[in-house]
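**Q** So the sequences go chain by chain: A and B.
Under this note's numbering, the first residue of the first sequence is numbered 1, with each subsequent residue one higher.
Under this note's numbering, the first residue of the second sequence is numbered 1, with each subsequent residue one higher.
Misleading hints may appear alongside valid ones.
What the hints assert, rightly or not - Dumping the calculated BS3-like pairs for lysine-lysine here, alpha-carbon to alpha-carbon at most 27 Å:
#1 B/Lys32 x A/Lys8
#2 B/Lys185 x A/Lys287
#3 A/Lys494 x B/Lys204
What the hints assert, rightly or not - Footprint (simulated), chain B over chain A, 3 or more residues, beta carbon under 8 Å:
#4 151-160
#5 201-207
#6 381-387
Said to hold, decoys possible - Chain A residues, not near chain B, derived (Cβ > 10 Å throughout):
#7 Ser73
#8 Glu142
#9 Ala233
Source of the hints: derived by calculation from the structure; they are not laboratory data.
Source: prediction; values computed, not measured.
Even for Gly, the Cβ is constructed at its ideal location relative to N, Cα and C.
The chain contents come next:
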Amino acid sequence: MTDAAEVKNDISQNISRISSGGAGYVDARYYMEDSSETLVLYDGDLEANDTTVQSGVGVRVLWDGAWGFAATSDPSGLRSCFDKAAQNARTASELVKAPLFMGKRDPVRGSYSTPVEVDPFTVSLQDKLTFMTRLDNELKDEFILKRIVYANFMKKSIHFQNSEGSEIQKDLSHVFGMMMAMALDCDGEMQRRSMNLYSTGDGTAGWEMMTNPELFSGHAGRIKSELVELIKAPQLEHGRRSVILLPGQGHLQVHETIGHPLELDRILGYELSYAGGSFVDLDSFGKLQYGSEKLSVSSYGGIENSPGSFGFDDDGTLELDYLLIDRGLLVNALTSRAMVNEANEKAGREVFRQSGGAARATSFYKAPIDRMTNVNILPGTDGTLEDIIASTEDGIVVDNPVSWSIGSNREHFHFGCEIAWEIKDGKRTRILRNPTYQGHTLEFYRSLSAVGDRSTWKVEQVNNCGKGEPNQVMQIGHGVPVVKFDDVITGERK
Amino acid sequence: MLDANIRSILMQVRDEAADQGIHATLLLHHEKSHLMRIGNSSVSLNTSEDLLRLDMVVTDGRRQGSQTFLGAIADADVVRSVLAAAKEKARVASPKTYDPIPDEVDVPVSEDSQFDTDLAELDPEVKESAYREIFGKLGEEYNYSGSWSSGATEVYLLTTANRNEAYHRGTDQLFSLVLKHPASKWELTHQQTGWRAADFAAEKTTDEIGRLLPTFENSGGCKVDPGEYTVILGAGAISEIVGMAAWTGLNGRGWEEKQSWTARMKPGDMILGENISLVDDPGNPHTFMFGFDMCGRKRGIFPLIGDGELLNLMYDSGTAARYGRKPTGHDTGSPSLVMDTGFGPSDPLDAARDMGRVLYIPALHYMNLPSRSKGIFTGSSRFNAVLVEDGRIVSPIFSTRITDSFQNVLGNVSVISSIPESVNGSNTYGRRTPVAMSVPSYMIASGIKITDSADSF
Chain A
1 MTDAAEVKND
11 ISQNISRISS
21 GGAGYVDARY
31 YMEDSSETLV
41 LYDGDLEAND
51 TTVQSGVGVR
61 VLWDGAWGFA
71 ATSDPSGLRS
81 CFDKAAQNAR
91 TASELVKAPL
101 FMGKRDPVRG
111 SYSTPVEVDP
121 FTVSLQDKLT
131 FMTRLDNELK
141 DEFILKRIVY
151 ANFMKKSIHF
161 QNSEGSEIQK
171 DLSHVFGMMM
181 AMALDCDGEM
191 QRRSMNLYST
201 GDGTAGWEMM
211 TNPELFSGHA
221 GRIKSELVEL
231 IKAPQLEHGR
241 RSVILLPGQG
251 HLQVHETIGH
261 PLELDRILGY
271 ELSYAGGSFV
281 DLDSFGKLQY
291 GSEKLSVSSY
301 GGIENSPGSF
311 GFDDDGTLEL
321 DYLLIDRGLL
331 VNALTSRAMV
341 NEANEKAGRE
351 VFRQSGGAAR
361 ATSFYKAPID
371 RMTNVNILPG
381 TDGTLEDIIA
391 STEDGIVVDN
401 PVSWSIGSNR
411 EHFHFGCEIA
421 WEIKDGKRTR
431 ILRNPTYQGH
441 TLEFYRSLSA
451 VGDRSTWKVE
461 QVNNCGKGEP
471 NQVMQIGHGV
481 PVVKFDDVIT
491 GERK
Chain B
1 MLDANIRSIL
11 MQVRDEAADQ
21 GIHATLLLHH
31 EKSHLMRIGN
41 SSVSLNTSED
51 LLRLDMVVTD
61 GRRQGSQTFL
71 GAIADADVVR
81 SVLAAAKEKA
91 RVASPKTYDP
101 IPDEVDVPVS
111 EDSQFDTDLA
121 ELDPEVKESA
131 YREIFGKLGE
141 EYNYSGSWSS
151 GATEVYLLTT
161 ANRNEAYHRG
171 TDQLFSLVLK
181 HPASKWELTH
191 QQTGWRAADF
201 AAEKTTDEIG
211 RLLPTFENSG
221 GCKVDPGEYT
231 VILGAGAISE
241 IVGMAAWTGL
251 NGRGWEEKQS
261 WTARMKPGDM
271 ILGENISLVD
281 DPGNPHTFMF
291 GFDMCGRKRG
301 IFPLIGDGEL
311 LNLMYDSGTA
321 ARYGRKPTGH
331 DTGSPSLVMD
341 TGFGPSDPLD
351 AARDMGRVLY
361 IPALHYMNLP
371 SRSKGIFTGS
381 SRFNAVLVED
391 GRIVSPIFST
401 RITDSFQNVL
411 GNVSVISSIP
421 ESVNGSNTYG
431 RRTPVAMSVP
441 SYMIASGIKI
451 TDSADSF
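Work the whole structure out from these sequences, hints included.
**A** Okay, structure coming up:
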């Protein structure tokens, strides 16, 4: 793109032109910058040293209840891009059974910037590699066969305008880090321990997260020492027992079996042909006991240093803080403007009072869909991890996913984890290999018997949530404490 | 065809780089994509993308750097700036412990045998009217969703190693429809794939879904208890299982690093049942044919498993360099896998006539690998899955989970269909990358482990 002010002016004129031509709603997202850098050290070799730069404009037009979308990375093609989006919307409007509408909204003017102390794009490649090589060296050991140190940095500068007169500027920055060590176990099977960069919820989201020993860089020794025990450990035997999820595993449990089933577009059937549906329906809100009374779940945009915090969504809605599940009762969903209107219309009553600010697109050339923001289990009153272990008769503590497979309506699931610690009579006894557990979502959350306090709560980052057609990969956060579930099927039948 | 100006610019910058002694690979990816999405029996999104991406990789001895640019290539300076960025990244990069194998376009390639102008320029109104026709034929009382992706892809590859060019142009489409009963919640689906506009016909979908509708309308469905079952796996399920088995067991890196389920075997060993044969064949018209890899190597037929025996592993360029092997031109990133058909009748119900009670699982949803080393996968049935007794469909089944190993499933196959079927495995997460497998339309395997089942639709 050339001069940003000129492009913004062209966007304004085109929004007016298409609106006055009969469109019900028009918006445009201008990505002035969308940069990403990926670095991967694989056994010390720099296997990925990649940067991607892109810029462009995505245009959405609502015409007689149907969306049309088009995008261009060529500033000279802006007018035809708007025309294409409008034409696509007109074609779409020929087959509409349930017209979509955005409702009326006063103009929103605002901005949001991810708080950053050190912009990772200002850190030299040399400094980044020096840091990563130090971590890689810390992972080295004779018994370790493979080592991976991964870093990914993202920076987006997005200007949003719509036909309601809203104008929003967002400057987003994300940092992702991962380290992993692998070794062969006593049966010749590859085992691994890994560590993903997380946050405590407060603070900044720049390069400083990477170098913070608590959040990331200080964990190489721990995962190595756990791996050396893991490869000598016995296998987890099949049976029913309590399962205690550390946040490294708990966040994915929340992501797959609370986050996805509560995306309103999914509930309304818009994802059936790809990602799937949801066991939740519009009648469930205010009635469905999703979990035990210990389960309270929020969608919270106020976490300072999480990729699920973005200020305003791609409908121009302020990102909100609200409960999805209140003491076990399902009360709300992850919503966008058009989906809220459709749901209320369909239900014939006000199921949702307002959009939750969850319309998100992954790049300028994708249309917004309902996504997770920061979907969190709120901290409980059952103390620390050690307190929860002490109250457990027969169970396992598990960490970090190896595999995850979820039913198409999110009604059942199967997870494999990196490591388990056996609990007998309130004490950790030994490490176990190849832990898996499976269950049915409602039965599982209703068996939630302990929720750790704030000291156990961590914000885990997800940088690869896939959804939508065309597919979009989104960045999300999950604040999760230590949680315990009872009478869960664990291990595999022989 | 490739824009002449862009081609000229890329060749100019390639020549400039070569003159300066820079080792560079220039890969241009151009897609014109269209997707119509259906939700609640309406068009929920009608979207067009026209995107140009340039990947530049610079190799400086043992150092490498790359830069991807998405945007307009108006002049040579745009390409020079991408080259400069990649060169700078390579300069600062830490050196590898091995010598990278330089990319080189072996021989000039220009291919567009799977390009169809009608599909490249398919009017979205054609899609809208096809969905309208299908809704009308199957019944307006149901709730419909689906998507129809179509588009054209151009890939143009140059390296500074020589003046050869590799060019590919193709079209592809993937149509899907999901019919959901608004009250009972069961779902039926049908997909169509191909590279020509004429590959699609609305009646294929209405016929297939119409065939299953009475069973689903007239039965409440049933839950499958955990245990071992004889299962008819449809083409979708076969492609998921075989594709994942190949990805985790037949790539050289996983094998060299002892991560794969084949790690303790070697070429020549029996690894699957003797009725299982698999090749990577980019010339098979049931796949999306791609005649060269992204490093410039010409691709031909590459046998992987023959009558159950491990024949070859696939080595990408990086893995080959690291482990002192020769790159095969075939890797698990863009496969054209072809599984041999067998001698089974065209109708799987005929094949199951004397088998008593069997499950028919056409496709698996959300497969993953609890143990890559043991080749254990898990995934669940979703659409169109039914219980069959003596060759007769008796009831739909609720979402049913299989957790088993590749070797058990692909080692106990008693019947393989004689009919090949193309299964589209493309994803559009990043750039348009058409991928399809050719597999038998079904196979029947015994002793399959069912580990869980939902309680309702």
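**Q** Which constraints among the numbered hints does this structure fail? Numbers only, ascending.
**A** 3, 4, 5, 6, 7
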